[in-house]
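2 protein chains.
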Amino acid sequence: VTDSRPTPYLRLDEERLAANVRRTAERASARGVALRPHAKTHKSIDVARHQLRAGAVGLSVATVGEAEAFAEHGVDDLFVAYPLWVDEARAHRLRALSERAAVAIGVDSVAAAEQATRHLSGSGVEVLVEVDSGQHRSGAAPSEAGTVARASGLTVRGVFTFPGHSYSPDGRAAAARDEAAALAAARESVESAGLEVRVVSGGSTPSLEHADTGVVTELRPGVYVFGDAQQWELDVMPPEQVALTVVATVVSHAGGRAVLDAGSKALGADRAPYATGWGRLLDHPEARIVQLSEHHAVVEMDEVPALGARVAVVPNHCCTTVNLADELVTGAAVWPVVARGRNT
Amino acid sequence: VTDSRPTPYLRLDEERLAANVRRTAERASARGVALRPHAKTHKSIDVARHQLRAGAVGLSVATVGEAEAFAEHGVDDLFVAYPLWVDEARAHRLRALSERAAVAIGVDSVAAAEQATRHLSGSGVEVLVEVDSGQHRSGAAPSEAGTVARASGLTVRGVFTFPGHSYSPDGRAAAARDEAAALAAARESVESAGLEVRVVSGGSTPSLEHADTGVVTELRPGVYVFGDAQQWELDVMPPEQVALTVVATVVSHAGGRAVLDAGSKALGADRAPYATGWGRLLDHPEARIVQLSEHHAVVEMDEVPALGARVAVVPNHCCTTVNLADELVTGAAVWPVVARGRNT
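Chains as they are written, first to last, in my numbering: chain A, 10 to 353; chain B, 10 to 353.
Here chain A stands alone, though its shape is the one from the complex (with noise of 0.2 Å):
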């Protein structure tokens, strides 16, 4: 890397990442699923459009303020797949929404979903009822997804999951079986319950090639546009594919060692049990990140580069990266972050 611009920042290839949207909009369609990509990935609208133009039937937003962000940009057409607490405020934000894009939120409780009702009657938001497949963080058991479904008074518009545990190495067929089985059981106690299934949402990185498409008609992942030293180390994206790097300078070889000045406050503090380290070096594979403060990684290299020398640092888990940066830098042009911090 040889530019200026000061250290660190989010560089991005535009061309890798066209790439992986081609790739990955071609495989659905090619399966007959929709797509409906997470954006709390990326949170920039410009990588939002090039999924749009790919064929996404919207995004898939974790929080009101990201779908704020995009809808402000004009996206019309927006699922936060996440089991919301509508409070006042935030129903008044979703009405607000609501009146210029399309918008569904998701329930896992019976209590969730008579609180949207209260407070969203009337404004076209719809529901989806999450259901836990595996991971055990937030979802409805799917044979209660009928239940939570017959407790709201909007719209149902269908069942979602978020298969997490296929973040392991081994575990990504077994958690898309694990997928599709509460999926279709949720399905079932939905319609059981008298109530149509329009959408069945799934989907996450690491098991979409594994998707179940007789059970699953809309796909949500995120991180397939960046990819990251989490989908590198998992064998799901090989570093060619890799789109987002944050660009560092060697500032230090003490300890005989190379120190870069990208540390957590600009790669993220994520490292799974997996990982081999703190994030990987593009164009040295071999490097680890074996010491990460909030300004300094401490990396162990065949080579140590000069001091001065830049380098492009594969984060972990790249949705954590982005949060952390206000802007994505292409080769043509600089890209806002628009819905940084947005997480509310």
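What the hints contain is simulated information worked out from the structure, not anything from laboratory work.
Bear in mind the structure is a predicted one, so any value in this text is a computation, not a measurement.
Take these hints with a grain of salt, some might be off.
Sample of chain B residues lacking proximity to chain A, with all beta carbon distances greater than 12 Å (derived) [said to hold, decoys possible]:
(1) 107
(2) 202
(3) 204
Sample of chain A residues facing chain B (criterion: CB under 8 Å; computed from the structure) [claimed, not checked]:
(4) 18
(5) 118
(6) 148
(7) 152
(8) 300
(9) 305
C-beta atoms are modelled at their ideal positions from N, C-alpha and C, and glycine is treated no differently.
Here the structure of chain A is known, so what remains is to put chain B in place on it, guided by the hints.
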């Protein structure tokens, strides 16, 4: 917590903040050492003003960007406590800075000292030589400090270290001893090279009370202003002194646990080896965050609060938490995080 501000948000207890600032300032004064608090923790001019009013001699910062942010708000004595590699762009910014503030930077090698000299000669920017006292991150060997200092054509102010290995149960006193030994050796090395040492700078929040004031002349703690779960669990600051919390809403009772809407994008993903979870709950000392993702914290606790209830989460590491937020909400005001994201 009962208000209607959208969660998650950062709440600051200004009384506790003031007490933390006062207590530390009084101890430093009683022990005859200068306090130069690290502002990377709070990135807030309002917090900085508390510190400066209480007698701080200036601020420590981690980046030129932070220095710029504080200088823009009138702070006139700034030490970039980091081993900078001064390229042309950074030199330009440092020269501009030095026109409105006393500025010092860190260097930890002969090459970095020469590079800084090349670009900053005549600017008035001073240097301190960083030495490694046992964290093994950056910093020259203490015995090399004189050689590095001699390579500087800029005025050498002194030597500094960060005893980061104080972040360890039972490691605090030993880290302070290492700090004193390294700084004493570094001072001797610089003086043997024929240069004056005006400042011997050390300090971290965990090692603060053990600092050897026969050696150090200046301390640079950061976290002491807020406290966090790390300091709580290291027995450095009890929960009664924690001034900064992330207010979160209970959105789900999935699995019989409390699921909060504050995840790694609000709390940060830091988790030290000694941490008992991903953060603590201020009013529920038995509670543990057992699972953390971007927008979910899953909490095991004795009595799960009602859906929609708000709780105060103590993040593991307040410095990375603040970097995620645009505002600190006190009882009476909203303070902007003026240096948020200023990490270059």
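Hints violated by the structure (listed by number, smallest first):
7
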